[in-house]
Every structure is written in structure tokens, then in C-alpha cells.
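*Asks:* Residue-level listing of the chains:
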Amino acid sequence: MRRVLVPIFRFTAIFFMLSLGAGLVHELYHTKRPPDIAESYLAEAERLYAAGDYALAVRRLSVAAELSRDDIAHYRLFEAREKLKTEQAP
Amino acid sequence: MKALVGRTFVHPFFDYLFIGGGLSLVCTILVYQRQNPLLGWSLETLPWFILLSNSAHFAASTVRLYTKPGTFKEHPYLTMAFPLVSIVLLVFCIALPLRLGVHLQALYLTWSPYHYAAQAYGLAVIYCIRSGCSLTPKRKKIFRATCVLPFLLVFLSAPHAGLGWLAPSLQEAVPPLVRQVLIGAVFLLPIAFFVYVYRCGCRPMPLIGLLAVLANGIWWVVLDYLSAFFWATIFHGLQYLAIATIFHVKDQSDLPNNERGALYHTTHFYLLSLVLGYGLFYCWPYAFVLVGFGLAESVLLVAAAINIHHFIVDAHIWRMGSGGGHRLSIAI
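Chains as they are written, first to last, in this note's numbering: chain A, 219 to 308; chain B, 175 to 506.
Hints are computed from structural coordinates only; laboratory data are not their basis. Some clues are possibly wrong.
Unchecked claim - Distance windows between CB atoms, simulated:
1. L429/B / A261/A: 42 to 52 Å
2. L272/B / R221/A: 37 to 47 Å
3. Y370/B / A261/A: 54 to 64 Å
4. V465/B / A261/A: 26 to 36 Å
5. P430/B / R220/A: 46 to 56 Å
6. H334/B / S258/A: 53 to 63 Å
7. F296/A / G468/B: 19 to 29 Å
8. G239/A / L220/B: 24 to 34 Å
9. G358/B / A261/A: 46 to 56 Å
Note that CB positions come from ideal geometry on N, CA and C, so glycine has one too.
Between the sequences and the hints, there should be enough to build the whole structure, so can you do that?
*Replies:* Following this line, the structure appears as C-alpha cells:
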């Protein structure tokens with residue numbers, strides 16, 4: 219049985235390493251790509267949020283959430299709206 | 175007092191904080207007090223926590239499987255055939271995400287709390303053995319049953335997992351009283367077991383064992399399901415990394431041709447786990463995307479498959495003594 223298992227293991231190891239390498243190249247390629255509109259809006263909103271300008275941050279995040287498929291923009295939008303509500307509360 | 179503290183591996187402070195789950199209790203109190211599941215950390219920092227603790231811990235079981243002396247001989251199917259079986263199943267699940275993938279995801283979410291509970295039990299037993307507290311097989315069974323109560327609680331109430339996955343109509347029929355009783359039992363029964371062992375005249379069970387079991391209960395009872403899932407994975411990972419590193423260092427140091435010190439083996443083990451964890455969770459899903467599968471199913475199902483692989487591997491590698499007869503059952 220071991221005669222069969224060893225080549226199976228070697229095949230799996232080679233397949234796994236190749237797929238891992240391909241995935242790594244793809245990951246590296248994506249981290250180097252220029253930021254898209256949603257990302258730049260998100261970055262801008264982060265800066266505004268940190269500066270305490272929640273109203274403007276909400277406007278930027280609304281666009282980012284609209285464009286981005288990433289959950290982070292939606293989460294940030296919710297967070298900024300909550301901050302804005304707290305700030306506007308009497 | 176010394177008998178109650180037990181015989182620790184590194185230092186009582188380290189063992190109680192990281193392996194026993196003391197640090198997680200501090201964190202749970204803060205999350206509960208502030209009602210802030212992220213404790214003020216920004217969402218961008220979370221992947222770092224997950225990579226350094228959780229992803230590395232999943233990879234650690236694979237690193238341990240292939241570096242522990244004698245595993246290829248002891249577990250030929252697990253080491254050589256199981257990876258291919260896992261990959262084939264994963265490909266089927268990614269190819270049929272709505273028919274198979276959702277069930278793989280639900281299986282992983284259902285199994286996780288059980289795995290955590292079993293790890294708490296395993297850790298408690300490790301410290302009992304180490305501290306000279308002998309538990310008879312019958313007592314071990316009783317203790318194990320008390321340790322898996324948090325799993326039962328999650329099984330009955332978790333959304334999209336456990337009963338919510340297997341029989342959603344039954345989940346709605348579970349009376350709230352059952353949940354209340356289980357919450358009480360999660361804490362009272364391990365304490366009762368500890369007192370029982372203490373009073374039976376034999377060497378007491380070390381407090382770190384009780385702490386590990388109670389910490390696991392607290393994660394699932396005090397925090398809401400999502401916070402519990404998030405923090406439990408981080409602290410479970412930390413716990414696992416610490417104990418796995420200790421065993422790895424001991425195994426490597428005991429090899430006749432060993433020329434390296436404990437620091438080398440510790441760093442080597444952690445770095446290998448970290449790199450593999452990064453590769454598995456952050457790069458490998460893209461390989462599936464490259465051949466045409468969707469990103470969401472690739473990321474989610476690769477994570478689910480790695481989790482399940484980890485649960486199964488853990489069930490086999492945590493054996494002590496000759497012939498593997500003395501099973502610690504840290505998982506499964």
C-alpha cells in the first residue's frame with residue numbers, strides 16, 4: 219500500500235506547491251495594482267473620519283459602498299453614520 | 175497551593191495567561207463592558223490578528239504532522255492520502271457551492287465549537303497528567319461530557335450551523351429554558367467536577383485545567399455568536415500555538431542528532447506555521463480563482479476545508495506514550 223501512497227503524496231505535494239505559487243503570484247500582482255475609485259474614496263473617507271469630519275466621510279463612503287464589492291465600505295459607512303448621529307444629537 | 179497551581183510547562187504566569195485562557199478572560203470582560211466587539215481596533219488590523227494567531231495555528235497542525243518524528247509510519251493514510259482526498263472534496267464543493275459548498279461551510283461552523291471544547295478538555299487532561307492527578311477512564315468520560323456543554327449550547331442556538339443547519343424547525347422548538355439550564359451547567363458542572371476530584375483524596379486537578387474549560391464556556395456564553403466566534407478563534411489559536419510549540423520543541427530536542435536550542439525550534443516552528451498559514455488562507459484561494467471559480471466561494475470554502483482538515487489531523491497527532499494508546503483527544 220505504501221508503494222501507492224508515496225506517489226500519491228508526491229503528486230499532491232507538487233500540485234499543492236504549484237497552486238500555492240500561482241495563488242501567491244496573483245496575490246502579489248493584486249497588491250501592486252493601482253487603487254481603484256472605490257479604494258481611493260474609501261481612503262479619503264478614512265482620512266476625513268479620522269479628522270472628525272463625519273458628514274463628508276459619510277458622503278465619500280456612500281460612493282465607496284456603492285462601487286465596492288468589499289464589506290468594509292458598508293461597515294465604515296454604518297460606523298460613520300452612527301458617529302454623525304451621535305454628534306448631531308442634542 | 176502548589177498542587178492547585180499544577181506543574182506548568184514554561185512558567186505559571188505564561189501557562190495561565192496563554193494556555194489556560196487567562197488573557198482571553200480579560201479580553202472578554204473588556205468586550206462585554208464596552209459592548210464593542212472589536213475593542214476599538216480598526217477593521218484593517220483584524221487580518222493581522224487572524225494571520226498571527228488563527229491562520230498560523232491551523233497551519234501549525236500540518237507543520238506538526240509532517241515534523242513530528244514517526245508520523246509517516248504511524249499515520250500513512252493521514253499524511254499521504256488524506257491531503258489529496260481533502261483537495262478533491264474541496265474542488266467539488268467550490269464547483270457546486272450551493273449544493274455542496276454551503277454544507278461544507280455549515281459543517282465547519284458546527285464542528286468548530288466542538289473542537290474548541292475538546293481542546294479545553296485535552297489541555298485540562300495534559301495538566302492533570304503532568305501534575306500527578308490521575309483521572310480514571312470513567313472520570314475522564316464524565317469530565318469530557320462537562321467540557322462539551324458549550325458546544326451543545328452553540329449547537330442548539332447558532333444560526334446556519336448545528337441544529338439550525340440540520341433541522342431548522344427543531345431549533346425553533348427548543349424551549350429557552352433548555353438554553354438557560356445549559357448556561358448554568360456550562361459553569362457549574364466543571365466546577366463541581368473540580369471540587370469532586372479535590373475532595374476525593376487524590377492529587378487535585380490543577381486550576382489551569384478548570385480555567386481552560388471555563389474560559390471556553392465564557393467565550394460562548396458571555397459574547398454574542400459572532401464576537402464569540404471571532405475571539406474564540408483568536409484565543410483558541412493562541413492556546414494551540416503555545417502548547418503545540420512546547421510539544422514540538424520537546425520532540426525536536428529529544429532527537430539524537432539535535433544540535434539546536436529551544437529558541438531555534440520555537441522560532442522555526444512558528445515561522446513555518448505563519449508562512450504556511452499565509453499561503454493557505456491568503457494565497458491558495460486565488461489559485462481557484464485563476465482557474466475560473468468565484469472569489470467568494472474560493473475564499474470561504476478553502477477556509478472551511480482547512481478548518482476541517484485541521485480538526486481531523488489534530489485528532490490523530492495528539493497522542494502520548496508508546497503506540498498512541500494514551501490518547502489526549504485534544505480535538506475531534
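*Asks:* Is 46 to 56 Å respected by the C-beta to C-beta distance linking G358/B and A261/A?
*Replies:* With Cβ atoms ~49 Å apart, the hint holds.
*Asks:* For F296/A and G468/B, compare the CB-CB distance with the range 19 to 29 Å and indicate the outcome.
*Replies:* holds (25 Å)
*Asks:* Confirm or reject the claim that L272/B and R221/A have a C-beta distance inside 37 to 47 Å.
*Replies:* holds (40 Å)
*Asks:* Just tell me: holds or violated, for the beta carbon distance of V465/B and A261/A against 26 to 36 Å?
*Replies:* holds (32 Å)
*Asks:* Y370/B and A261/A, beta-carbon distance inside 54 to 64 Å?
*Replies:* holds (59 Å)
*Asks:* If you check the beta carbons of L429/B and A261/A, does the distance land in 42 to 52 Å?
*Replies:* Holds: the Cβ-Cβ distance is about 51 Å, inside 42 to 52 Å.
*Asks:* Could one say that the CB atoms of H334/B and S258/A fall in the range 53 to 63 Å?
*Replies:* violated (35 Å)
*Asks:* Within 46 to 56 Å: is that where the Cβ-Cβ distance between P430/B and R220/A falls?
*Replies:* Violated, at about 25 Å.
*Asks:* Verify the CB-CB distance for G239/A and L220/B against the hinted window 24 to 34 Å.
*Replies:* Given about 27 Å between the Cβ atoms, the range holds.
Violated hints for the displayed structure, listed by number in ascending order: 5, 6.
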